[in-house]
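Asker: When we follow the numbering used here, the leftmost residue of the sequence shown carries the number 1, and every step to the right adds one.
Don't take every hint at face value.
To be verified - Under the rule of at most 30 Å between Cα atoms (straight-line distance), these lysine-lysine pairs were calculated in the DSS-like manner:
1) 98 - 182
2) 57 - 76
3) 57 - 37
Stated by the list, open to error - Simulated restraints, written as ranges between beta carbons of each label pair:
4) 118 - 5: 20 to 28 Å
5) 178 - 123: 14 to 22 Å
6) 79 - 20: 36 to 44 Å
Read the hints as simulated data drawn from the structure, not as lab findings.
All residues carry an ideal CB built from backbone N, CA and C; glycine is no exception.
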Amino acid sequence: MDKKNLRIVCISDTHSGHQHFQIPSGDILLHAGDFSKRGREAEIIDFNAWLGTLPHKHKVVIAGNHDFGLETYPEKAHTWFTNAHYLNDSSIVLEGLKIWGSPITPWFYDWAFNRYRGADIRTHWERIPEDVDILLTHGPPARILDMTSGGKAVGCEDLAVAIQRTRPCLHVFGHIHEAHGKVEIDGTTYINASLMDLQYNPTQTAWVIDL
Numbered sequence: 001m002d003k004k005n006l007r008i009v010c011i012s013d014t015h016s017g018h019q020h021f022q023i024p025s026g027d028i029l030l031h032a033g034d035f036s037k038r039g040r041e042a043e044i045i046d047f048n049a050w051l052g053t054l055p056h057k058h059k060v061v062i063a064g065n066h067d068f069g070l071e072t073y074p075e076k077a078h079t080w081f082t083n084a085h086y087l088n089d090s091s092i093v094l095e096g097l098k099i100w101g102s103p104i105t106p107w108f109y110d111w112a113f114n115r116y117r118g119a120d121i122r123t124h125w126e127r128i129p130e131d132v133d134i135l136l137t138h139g140p141p142a143r144i145l146d147m148t149s150g151g152k153a154v155g156c157e158d159l160a161v162a163i164q165r166t167r168p169c170l171h172v173f174g175h176i177h178e179a180h181g182k183v184e185i186d187g188t189t190y191i192n193a194s195l196m197d198l199q200y201n202p203t204q205t206a207w208v209i210d211l
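Start from the sequences, fold in the hints, and give me the full structure.
Answerer: See the structure below:
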């Protein structure tokens, strides 16, 4: 990837509270899912309208485990999202950067986009292209910004393996609110961009990355 002098703004887990946050300006806005409480159509339409008020040239969104409507009615996604690019195990190239996004997370009480660990979830990560620059997933990889308040690491082992294979420069995710943070490992910057804290209070801030 060539240096593009781009500003990437990373957010996740706004849970229909997007109006409470001040989002920094930038070239590309990435939202790593759980933008709603239950993924109802009205919530999705409201979120899309809010996206339309933001100044970013490009906006990229994936769903999360709360966003049931996009799992139930995937054919409506591009009707609902008129102000953003919606990715679902798919990619887009923006400003010369290949961005691949997926809503999939390991099985947890049968929420949206859940898959069993092992072969079931691995089939999704095998779709990540070798030339990906930015990886956008709802959940974290194993042992990276994935620690729950109870001290359990809940990230996906197979996602971690896929990242070792593809080596993106940036991996943005959320899901584990209390693990909000940023770390760089072996040339990949990992960001847990959850904006709601563990109690669903809008207390955390967006991450800004200059590439």
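Asker: Please test the hint of 14 to 22 Å on the beta carbon pair from residue 178 and residue 123.
Answerer: 29 Å, violated
Asker: If I claimed the Cβ atoms of residue 118 and residue 5 lie 20 to 28 Å apart, would that claim hold in this structure?
Answerer: 41 Å, violated
Asker: Taking 30 Å as the top limit, are the C-alpha atoms of residue 98 and residue 182 close enough?
Answerer: 21 Å, holds
Asker: Given the hint of 36 to 44 Å, check if residue 79 and residue 20 actually sit that far apart at their C-beta atoms.
Answerer: At roughly 27 Å between Cβ atoms, residue 20 and residue 79 fall outside 36 to 44 Å, so the hint is violated.
Asker: For the pair we were handed, residue 57 and residue 37, check the Cα-Cα distance against 30 Å.
Answerer: 26 Å, holds
Asker: Between the alpha carbons of residue 57 and residue 76, is the straight-line distance 30 Å or under?
Answerer: Holds: residue 57 and residue 76 sit about 23 Å apart, inside 30 Å.
Going through the hint list in order, the structure does not satisfy hints 4, 5 and 6.
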